[in-house]
Amino acid sequence: MSTTQIWNTYKDEISSFIRRKVNDTHVAEDLIQETFIKVHLKIGKVKDKTKIRAWIYAIARNGIYDFFKKQALPVPIDTVQLAEEVTIHEHTEKDCLPGIIRTLPERYKKVVYLSDIKGMKAKEIATILNSPLSTIKSKIQRGRELVKKGFIDCCDYQVNKEGKLIGERKHKNECKVCME
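Quick note: the sequence shown, position 139, residue 1092 per my numbering, numbers continuous.
Just so you know, these hints were derived from the structure itself, not from any lab.
List of simulated lysine-lysine pairs, DSS-like, C-alpha gap at most 27 Å: (1) LYS1090 x LYS1071; (2) LYS1002 x LYS964; (3) LYS1004 x LYS1076; (4) LYS1063 x LYS1023; (5) LYS998 x LYS1074; (6) LYS1101 x LYS1117; (7) LYS1076 x LYS1117; (8) LYS1063 x LYS1004.
Beta-carbon label-pair distances, calculated as ranges: (9) GLU1098 x LYS964: 30 to 40 Å; (10) ILE1105 x SER969: 22 to 32 Å; (11) LYS1023 x ASP1106: 20 to 30 Å; (12) PRO1085 x LEU994: 34 to 44 Å; (13) ASN961 x TYR1018: 21 to 31 Å; (14) SER969 x HIS993: 14 to 24 Å; (15) LEU1086 x THR1003: 23 to 33 Å; (16) ILE1105 x THR962: 40 to 50 Å; (17) ASN1083 x TYR1018: 18 to 28 Å; (18) GLY1116 x MET954: 38 to 48 Å; (19) LEU1086 x THR1056: 24 to 34 Å; (20) ARG1055 x LYS1002: 37 to 47 Å; (21) LEU994 x ASN961: 12 to 22 Å.
Everything numeric in this text was worked out from a predicted model, so none of it was measured.
Just so it is clear, CB atoms sit at the ideal spot from N, CA and C, and this is done for glycine as well.
With the hints as extra help, turn the sequences into a complete structure.
Following this line, the structure appears as structure tokens:
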């Protein structure tokens, strides 16, 4: 399959996947472009051509992971001061997520990261961590509950009748988790 055929076949699907995970149009466009550049450069190394779709998703997931990982890095003070002078930062869920995941107990941190950031299935995680599938599913569920609690504590969210997080977010300077 040529790069053009891959682009025509998977562009919409991968673009939609990346946009859902990132929720920032400009970042999503960059990640889409980076994904397909890597596909173009490495297509010759794919041994099993029947697994191209999974391979492209892996490239996209890794790009998304790198984006979130970069977001968790400390920002130099002069950059923060400049940003505060120019504009007030709108505090979003993405500001809290890396901090919330960092505060999870170790037994949940890795499974939540692999499941919700890398997009891996519980069965894949169980294989990688050499743990029973039921244990991994339980840890994912408990970890997600702790993430939900983190959003309640950090971002002043509330849970509605359907169990969904709702509410307005606090400004970053008031956030318990983001400031750690």
